[in-house]
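Sequences listed follow chains A and B, in order.
For the record, in the first sequence the residue sitting at position 2 is 18 according to this note's numbering, with numbers rising by one throughout.
For the record, in the second sequence the residue sitting at position 77 is 1065 according to this note's numbering, with numbers rising by one throughout.
None of these hints come from the bench; they were simulated from the model.
Errors might be hidden in some of the hints.
What the hints assert, rightly or not - Listed next, with one range per pair, are the computed distances between beta-carbon atoms:
no., chain 1, residue 1, chain 2, residue 2, range
1, A, Ser160, B, Met989, 31 to 41 Å
2, B, Ala1222, A, Ile207, 42 to 52 Å
3, B, Gln1241, A, Thr233, 25 to 35 Å
4, A, Lys32, B, Asp1095, 29 to 39 Å
For each residue, glycine too, the CB sits at the ideal point set by N, CA and C.
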Amino acid sequence: MKILVAVKRVVDFNVKVRVKADQSGVDLANVKMSMNPFDEIAIEEAVRLKEAGIATEVVVISAGPTQCQETLRTALAIGADRAILAETDAELQPLAVAKILKAVCEKEQPQLLIMGKQAIDDDSNQTGQMAAALLGWPQATFASKLTVANGEATVIREVDGGLETIALTLPAVVTTDLRLNEPRYATLPNIMKAKKKPLDVQPVAAMGIDVAPRLKTLKVTEPPKRSGGIKVADVAALVAKLKNEAKVI
Amino acid sequence: MTALVIAEHDNQSLKAATLNTVTAALACSSEVDVLVVGNAAEAVAQAAAQITGVRKVILVEADFLADQLSEPVAEQIVVLAAAYEHVLAPSTAHGKNVMPRVAAKLDVAQLTDIIKVVSTDTFERPIYAGSAIATVQTADAKKVITVRTTGFNPAAATGGAGAVEKQAAQAGAGKSRFVSRELTKSDRPELTAAKIIVSGGRGLGSGENFKKVLEPLADKLNAAIGASRAAVDAGFVTNDYQVGQTGKIVAPQLYIAVGISGAIQHLAGMKDSKVIVAINKDPDAPIFEVADYGLVGDLFEAVPELVKAL
Ligand SMILES: Cc1cc2nc3c(=O)[nH]c(=O)nc-3n(C[C@H](O)[C@H](O)[C@H](O)COP(=O)(O)OP(=O)(O)OC[C@H]3O[C@@H](n4cnc5c(N)ncnc54)[C@H](O)[C@@H]3O)c2cc1C
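Please build the complete structure, drawing on both the sequences and the hints.
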């Protein structure tokens, strides 16, 4: 069974992003970029399925500029077998990425497409569901446990009230939540090995897919700041403030 | 054109998030219908018809819709969407699961987590864990939206007089199958609807301490209990307690953060609370930067003392 994992290159989760003064976006100059943390979990899960003898090949794909090759190399170092870069400098929105993933799935014929439930830059939480819709595949979002057997993926999902278990007929799309696994660190020998693994660059322009953005960002602003609070000396002072000043208890 | 709101429910009761979504829908269009997709969900439809501002309720029932799996639910919405310009669902686990599927089937973009309707095609939504707010305009004729409920006041649950109209379900159970559900049972207020939330972090040290230290405080205040990711990952409490960028977004009247450092991903889920209290032994913890009232100290002393003082 082949697994395709989609990964996105995003601002590292530790970076405190700043809004640009001209409100055109956030300042990405000289900012540390990393693999979207949820996608790291997706790669880890696929590699574990391979190590368990369930998957035979793990292919990783990223859509975006040439720098995404770094992200793909990281995925290869974690244990993916080969990588595909759907290359473009154009802005890609979730629907466009889903269309790219559909085209790649039709060619690669994976049984599972795994990716993060959301990317921590645009926080959209859409691409997996959209890809599933376009492919006509079932989906399990927010996965915290994945078991594959007898042509089915059984997935425990984190939902608002607790957990839900569903079973999907393969091929299917699974999007990962934080508690699915704890991704390994790539070891130095594996980072070296990853450099020699195949990485196929395919220009998006040649795929015949309409990737034009549907959403136009008119401006990006700072959220309203909370006015600074105070420190209280003790519990009695806290209770007094909550009762008399804030009047919330 | 009219707007369609996808009701959040469990076949028995209508969830409060639907009310905030109706308010967002009314900002898009003066004519708002509600769609209830489920099974044996008549009571939900009746409740939705009472919401002030709702024109009519469409009820689509079938046994294969009982568990609200994404595939068949999306099929129902896609067909009905033909008559609407805006289709909105609350940004719940269900809304986030289904709406992108609907959007892709309609070949339109989806707008996630809107917090403001600027005009019928322009919306505000947070990005980068709420570190920035983007104003986005869609070029698509049909707008498929999930609504961050903390951005909109709830519509009045009563006062409306919408009619309930039953429609036949589109066939097609899809390729997914419901297996089981394990829901947390609690007598406390629901996290996303609570007026007061007491939230615990890694500083609590164990699930036992959540019970011993935090629960008495929540009991005293009739509060919901929340948690940081670290507390959930460590198994102190279950996943449905998590507040943050990738957990629940809350904005209660009072949020008491106990033993939580205040990582940006946690702040993303609670910084719109009206009043924030932080109890933390580290005076430099970033949570103090957003707290209205900060108490530096050991939570194991401060919280029991607070319980006594209330
Ligand atoms: C992709 C991604 C998504 C994430 N999503 C979320 C999310 O949705 N929600 C979320 O919460 N986090 C999320 N995180 C994790 C986040 O970055 C932090 O790691 C997490 O919030 C830390 O939890 P904490 O504050 O409980 O733990 P810590 O950061 O370890 O803080 C514990 C605090 O407790 C204090 N403390 C310890 N003992 C005591 C005591 N006896 N008395 C008083 N104070 C004490 C310490 O001083 C410290 O400030 C996410 C991270 C990533 C990468």
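**Request:** Hint says 29 to 39 Å; check whether the CB-CB distance for Lys32 (chain A) and Asp1095 (chain B) agrees.
**Result:** holds, 36 Å
**Message:** For the hint 42 to 52 Å, verify it against the beta carbon of Ala1222 (chain B) and that of Ile207 (chain A).
**Reply:** violated, 30 Å
**Prompt:** Taking 25 to 35 Å as the hint, is the beta-carbon distance of Gln1241 (chain B) and Thr233 (chain A) inside that range?
**Reply:** Between Gln1241 (chain B) and Thr233 (chain A), where Cβ atoms are some 33 Å apart, the hint holds.
**Item:** Outcome of range test on Cβ distance (Ser160 (chain A), Met989 (chain B); 31 to 41 Å)
**Value:** holds, 39 Å
Checked against the numbered hints above, the structure violates only hint 2.
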